[in-house]
Structures are given as C-alpha cells and as structure tokens.
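If you read the protein sequences in the order shown, they are chains F and D. Position one of the first sequence corresponds to residue 0 (numbering that gives the first Met the number 0), numbered consecutively onward. Position one of the second sequence corresponds to residue 0 (numbering that gives the first Met the number 0), numbered consecutively onward.
Rather than coming from a laboratory, the hints here were simulated on the basis of the structure. None of these values were measured; they are calculated from a predicted model. Some clues are possibly wrong.
[Stated by the list, open to error] Here are the computed lysine to aspartate or glutamate pairs in the DMTMM-like style, where the Cα-Cα straight-line distance is at most 20 Å:
{"hint": "1", "chain 1": "D", "residue 1": "Lys171", "chain 2": "F", "residue 2": "Glu498"}
{"hint": "2", "chain 1": "D", "residue 1": "Lys243", "chain 2": "F", "residue 2": "Glu417"}
{"hint": "3", "chain 1": "D", "residue 1": "Lys189", "chain 2": "D", "residue 2": "Asp257"}
{"hint": "4", "chain 1": "F", "residue 1": "Lys191", "chain 2": "D", "residue 2": "Asp257"}
{"hint": "5", "chain 1": "D", "residue 1": "Lys171", "chain 2": "F", "residue 2": "Asp155"}
{"hint": "6", "chain 1": "D", "residue 1": "Lys88", "chain 2": "F", "residue 2": "Glu498"}
{"hint": "7", "chain 1": "D", "residue 1": "Lys83", "chain 2": "F", "residue 2": "Glu417"}
{"hint": "8", "chain 1": "D", "residue 1": "Lys243", "chain 2": "F", "residue 2": "Asp155"}
{"hint": "9", "chain 1": "D", "residue 1": "Lys88", "chain 2": "F", "residue 2": "Asp155"}
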Amino acid sequence: MATAASTYHEEHPGGITRWLFTTNHKDIGTLYLWLALIMFFVGGAMALIIRAELFQPGLQIVDPHFFNQMTTMHALIMVFGVVMPAFVGFANWQIPMMIGAPDMALPRMNNWSFWILPFAFTLLSSTLFMQGQGGAPSAGWTLYPPLTVQGGIGTDFAILSIHMLGISSVLGAINIIATILNMRAPGMTLMKMPLFVWTWLITAYLLLAVMPVLAGAVTMLLTDRHFGTSFFDAAGGGDPVLFQHVFWFFGHPEVYILILPAFGIASQIIPTFSRKPLFGNDSMVYATASIAFLSFLVWAHHMFTVGMPVGGMLFFMYATMLIAVPIGVKVFNWIATMWRGSMTFETPMLFAVAFVFLFTIGGLSGLMLAIVPADFQYHDTYFVVAHFHYALVSGSIFTIFAGAYYWLPKWTGHMYNETLGKWHFWLTVIAFNITFFPQHFLGLAGMPRRIPDYALQFTEFNQISTIGSFVLSAAQLLFLYIVVQTIRGGNKATTQVWEGAEGLEWTVPSPAPYHTFATPPKVS
Amino acid sequence: MSSIFPVSSDGLLRLISDVGLVLLPGLASADYGPSADWGLNLQRPVTEIARDILDLHNLILIICAIIFVVVFSLMFYALFAHRKSRGHKAATFHENSMLEVVWTIIPFAILVGMAIPSTATLLRMDDVTGSDMTVKITGYQWKWRYDYLDYDVGFFSVLSTPREQIENQADKGELYLLEVDNPLVLPVGKKVRFLLTANDVIHSWWVPQLGVKKDTVPGFINETWTRIDEPGTYRGQCAELCGKDHGFMPIVVKAVSDQEFAAWVQQQKELMAAAADKTWGMEELMNRGKTVNNQCIACHGPTGQGVLGVFPAIAGGKIATGPVEEHLKIVMDGKPGTAMQAFAEQLNDLDIAAVVTYQRNAFGNNTGDLVQPSQVKGLRE
C-alpha cells in the first residue's frame, strides 16, 4: 500500500525562507498550528485580565472601557486566531495523508492563505496600542451597531482585519474542497473517507457560504461609520436589527465551523483507542450534513429578545431544537463505538472522552437556550457564557489537544511524555469545570454578561471561576512544554504509532517524510 | 406525547418540576438581594409569566439531567468494563440501522414534548392586549427614562451607588450597583404595557423576577407587558452591551398598591408644578445638583477633572467659570459632534438649574452664582 521509503524526497530550503515560501502542506500545517498556539496564549492572557477584574466587586485592575476591549478581543482572537487556524492546520497536515494525496490541490494559494493571517492579527492587535484614539474594538465580537458605529479607529482596523481573515478562510476552504474532491487515492470513495475529512469537507462549504456574508455585514458597518450610509441607522431609514440578522446568518454556521472538525477529530480518536471501528459511520456523515444544513435556519435564536413576531420566534425555536437530534446521533454513535471495545486511555483518548461528556453539557444547555420563554431569562447572562465555553473549550479546544497528542508522534517521530500529558489533561479538565460550571449559576441568578463589576451576591461564584481560570491557564504552559519537548526528542514513534490506529496516515513512516504519497496508494 | 407531558394541566407540569426540586434541592429558586449569595437558580418569580418560565426551566433542566445521567451511565459503564487492562476483547460490530432509527425518533419525541409547553407560555407572553396602563421605557447611555403615558409623568432613573464604592474608597452597600435615584413605581395587579425604545444604542430592559427582558432599539418601538402579584422592590440590570457604563445602569421597580400608586402620581405632579415657581436657596440647589451631577461624572470625572483632550474639565473650566448663559446653553443644547448630549430634553428645569449651580460652586469653582429653575424655563421659551 505505501510507497517504499527510499523514494521519499526530503530536500527543502532551510532557514526562514523555508517557512516564507513553502508550498508544502506539512510546513503550512505547522505554521497554522504554531500561529494558533501563540494566539491561544494572547487570547488567554486577555481572559485572565477579564477574570482578574471580576475576582471581586468594584473596579480594581482595568477601567470599564478597557474591560470591553478585552472581552471583544478575547473572542475575536479565540474564534478567528485559535480555533479556526488550528483546525486548518490539522486539515493541512492530515487531509492529504488521509486521502493518499501528495499535497493540497492548490499549494501556492495555500501559502497565501496562511501568510495573510499574521498580518491580519498584527493589524487587529495593534489597536491595543491606540488607546488615545479609543483603543481596540470594544462593542463585543458581535459588533452590534449603533454601538460599533460609536467606536474609535480600532473598529476600522478590526473591520479590515476581518476582511483579511475572511479572504484567508475562503481561500483555505476552496483549497480543502478542491483537494478532497479531486485528489483522493484510487478506490477511496466518498463514503470510505475518514470522518475528519468528511467533517472538513462540510465545514469548508459552510465557510464558503458565510464568510462573504460577514464581509458584507462589516463593510456596511464601515460605510455607515465613514461614508454617510444608514444601513443600520433608523434616522436614515436603516435598521440596527438588520445587522444582527446578517451577522448571525454568518454567526450560527460559524459556530459549527468551530465544532464540526472537532467532531471529525473525535471520530478518528475514539475508534483507535476503543480498538473497534467507528459505529454508524454513514449516519455520522448524514448527521454532520444535517447539522450544517440546519445551521442556516436558526440564526435568530441568538436574538429572541430583540423583538420579532411570535411566528418567527416559534420557527426559530423549533428549528433550533431540531439540531439536538443529529447532535444526539453523534453522541450515541461515539458511545456505541466505545461500547464493548477494548479501551485504553492515552492522553488523546482522555481528551476525546472528556469532549463527548462535557460538550454534551454545552449541547443540553444549548437546548435550554432554544426554549424561547426560558431564553428571555438566560439571554445575555453568564448562563450563555457558560454554555458557549462548554461548547467551544471542552468542544473545540479539547479536541484540538486530543488531535495534537494523537498526531504529534506522526508529525515529529517522537512519542510525547505520557505522564505529563495526563497531568495536562487532568489539570485542564478540572480547572475548566471550576472556571465555567459556576457561571451557569451566576447567569440563572441574574448576572448579565459583559459587565466589569457586579452586585455583591455574585461574588462567591465569580471568585471560584477566577481561581479556576488561573489554574486552567497555567496548565496550558505545560502543554507548550510537552509540545516543545516532543519536537526535540523522545521515544521513537512507530509507523502505526497507536495499536488500534487505522488509515493511510498510519502507513507512512514517523516522522512523516516531507513528501508523502507521490505515487497514490491503492485503497481496497 | 401528551400522556408523558400533560401540558394541558399546569398542575401536573408543576408536579414534575416539584419532584425535580426534591431530587435536586439546589434548584429551589432563590430570593433576590444581598442575602441570596450562592444563588443557584432563577430568582423567585413575582408574576405569572415569571412563574411559568421558572416551571418550564425546571422541567427542561430535569429532562436534560435525566437524559444526561442515563446516556453517560452507559458511557462510564463502558469506560470501566470495556477496557483493555481488564482483558476485554473488542467486539467488531459497527452499525445497526434499527438503533440509529431509535435514537433519532426518541429524542425527537422528547423535543416535541418540550415544544408544546414552551409554545403555550410564549403565546401568553406575547399577548399585550387588554392592558390597564402604558409606560414608555427609553434606554440612554447609561440610564433609563420612564414616561407614564396615561399620567403625564416622566423622569430619569440613574444609578445611585456612590462613585467611592465603585472605586473601592468606601465600603460597598447591600444594594451595590442595584440602586437608583428614581425607581419605576407600578401598581400591583394591573396589566402594565411597556413600550421600549432607545435614544442612542441598543439596551435591554431586564427584571428577572418579572420575567421581562426586551431590547430597546433606537428608532424602533418594542412592546411587552407585566402584571406584578405582590408589593415589593424588584431589581434588574441592562442586559445588552451598550458601551463603557453598561454595567452601571440598573433597573429598580417598586410595586405598590393602587392607592399608594395614585398618591405617588399626585405627588409627582405637585413636585413638578412646585419646582418651576419656587425660588430656591443655595443649599437646596447644591444638594440636588450633586445628585444630578452623577450623570456628568461618567465623562467629566468625579472631581470634575475631565480627561485631557477628550472630555473638558469642569473644575476651573472655561464654561463652568465663565458666563452663566454659556454654561446653561451647553448643558441644555449639548455640543454636536462630541459626546456632550443635549440635556434640555432629559432633565427638568429644576435639575438643570441645580446641576449648573452645583458645578459653578463645587470643585473649587466658587463663583457664587445661583441659577433658578425659572431662568431655565425662560431659556426654553
């Protein structure tokens, strides 16, 4: 099946030019992953400023305006700078190796889609140094007008950087679709594709569909701010709520962009460590496609309190509740995969199991949020903050860790330190719950989100949450250490790496040679 | 599904949630207020709608909890029993169409069961007909205005927590950040319709114990309603990010009996009439002006020092120590193109007179000027 090892070519330019000019999917994957890791610490530092300010009532550390900059930037960076680039990094490394392709279909464009990102984030982050002109964007990552129209020059920088991020995402999505549809090894039919490839194919279509919508929305903001238009200003015949509809038409598919590849990663890891094939492979594919389809029909559930006809609220409530069905199918299939397997619990599996367990909490609180009358009490409170951190931290970030531990041996040729990996897992999972579980209670008891100071009865849970967040952050330094340690040395990884691993990527040597599958393998 | 979720009967619905409350004692709804530390669930409802919401919330929460426990008991059983270290050999099965159908249909059926009571409650919430009175709520950065359309009474409601408490220079009071100068006074047992809009950006008017949350959108009017069961003071906050002081614009609703409400309306009218004609003394104006000045603090600072290059200083400032007419003009008309709003629309004659008097004599300005409400009234005409 695999080409003989002697035919691999290892030549590539050295030094900085290797990274600047590379068209190699593995190099570009590495660049994406490092960018994501760096931005993870930047976004995390902002979260710590937020949590430190919220440790007790009163204003201690930052003023309210800077606090709003932190909540806005934390979200923009974690969404666009961490989760999305990390998944594209995985896609770059893994999709060609999983479908038996020598590289991505459009390697030069691949280089460009990455190198847009550092400039976009430089632009975005530079606003923090413009405090004299209003500082960073501070109207929330949702950028609702008219508040956004009041913002300083940082808002314009954010709009331009969102345009750049959008271009990068669209190019990346085109590349992934072209690669998957055109470059699969002979015999690899669509239904034989690994789930990670499937979820990314669907994610890429979501990206193509909605990133231009976001670009349109922020462009209208820009012209409202500077060129006298009134798309979102009632005084000129516009409507502030129109922005929310357009934004969430992007925003809801976007949250699935942030989670579908995570489903894919979990669907690779759970069978490996259960030593049993993925249960219900086909229904997993259909469930993913249904989730993607439904994601276009539920946007207004983010804005039930904005005032819409009761028929509209009912439609969006029913459609949103319906999403629980395919999500449930996925959870049941993962558990059925574990059922009667022969499980071991290396770090990737630990993170994958924690993902199934904790993501489901986020899924169930999402179902609660769909119930319109109850949503009137939950909306814009810490209950929502808890909900989406269960979906995005224990959902997306945990599977990113799982995937990193799972594939690091293939990428570096070394096994990571299992003991340290387990320490990282347990610290992360415990601190995560200490940080975010109490936020459910805060929200129910009446604490609004995005406030720098709060009434006295919210003190205790905020203090617990802040303590958890500092432990959670410290544990991530351990992750950085483990990654660096694994790159520099460690026990040699075998070709298959994991006893139960199956798929084309486990047929090439570890570390994976610079060029793999120059001759396509045959898939039976 | 109706046999499992007898939604037609509120009693049974409540029974399910009550059973849940016994199983999960933490779900008992908390009383609001400083004594309610460690609150775990929604605040104690004081309207029928808020009660319906609490029941619905408890019901859905319990169903979710049961599903969660059942599903993950299976997973944890597998995690312990089906592990390699216990010598468990992996089975080879990997699909079962029947199972896929079953675990699609059952959740769907449960969802239908949830949707029915949710729809019923939503339809009740949406019905604003048959109201006894109407209050217009307007969101401002960062305060609320209440206009009683049936009584020709209107006023602003501003955070009354002293700045020193927020900046940790004084001990925080029990009602820290949940207290205002003028609460919204409403009669109990009356259906009150709210019309909501905003002056600048989007805000959201939320009082948890009433079960009311609605966005106030500039240029548009939203509608909602409440009917409060029992007298009391109910507190909430703005729930939509509206800029720098989003966390500092609380809502206080004081529910009183019909008689007390009628007396309060009468008193408001007399106050407004008296204020315009009376000649005020320095001390009275200074005291009142200090309170009104809280609205100026957001930009001009607690000591009137301003922010260099952005917000001009009041202390020793050109306006506050220059001619009185100029000072009144800028307070009343604002300064276009800056954050300085036109307060003529927002404050009554007395408040404008008081705040200008205060600013001309506080912060070391000591001009000795005294501005009467009648002067402001004259300028308006």
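Verify the proposed pairing of Lys171 (chain D) with Glu498 (chain F), using a straight-line Cα cut of 20 Å. 61 Å, violated
Given the hinted pair Lys171 (chain D) and Asp155 (chain F), is their alpha-carbon gap at most 20 Å? 39 Å, violated
Check whether the Cα positions of Lys191 (chain F) and Asp257 (chain D) lie no farther apart than 20 Å. 73 Å, violated
Below or equal to 20 Å on CA atoms is what counts here, so check Lys243 (chain D) against Glu417 (chain F). Violated - the C-alpha atoms of Glu417 (chain F) and Lys243 (chain D) are around 47 Å apart, more than 20 Å.
Lys88 (chain D) paired with Glu498 (chain F) [C-alpha distance capped at 20 Å]: 14 Å, holds
Given hint Asp155 (chain F) paired with Lys243 (chain D) - CA-CA distance at most 20 Å: 19 Å, holds
CA of Lys189 (chain D) to CA of Asp257 (chain D), is that 20 Å or under? The hint holds at about 9 Å.
Proposed proximity, Glu417 (chain F) with Lys83 (chain D) (alpha carbon, max 20 Å): With Cα atoms ~17 Å apart, Lys83 (chain D) and Glu417 (chain F) stay inside 20 Å; holds.
Tell me if the straight-line CA distance from Lys88 (chain D) to Asp155 (chain F) falls inside 20 Å. Status violated; Cα separation ~60 Å.
Comparing the model with each numbered hint stated earlier shows that hints 1, 2, 4, 5 and 9 do not hold.
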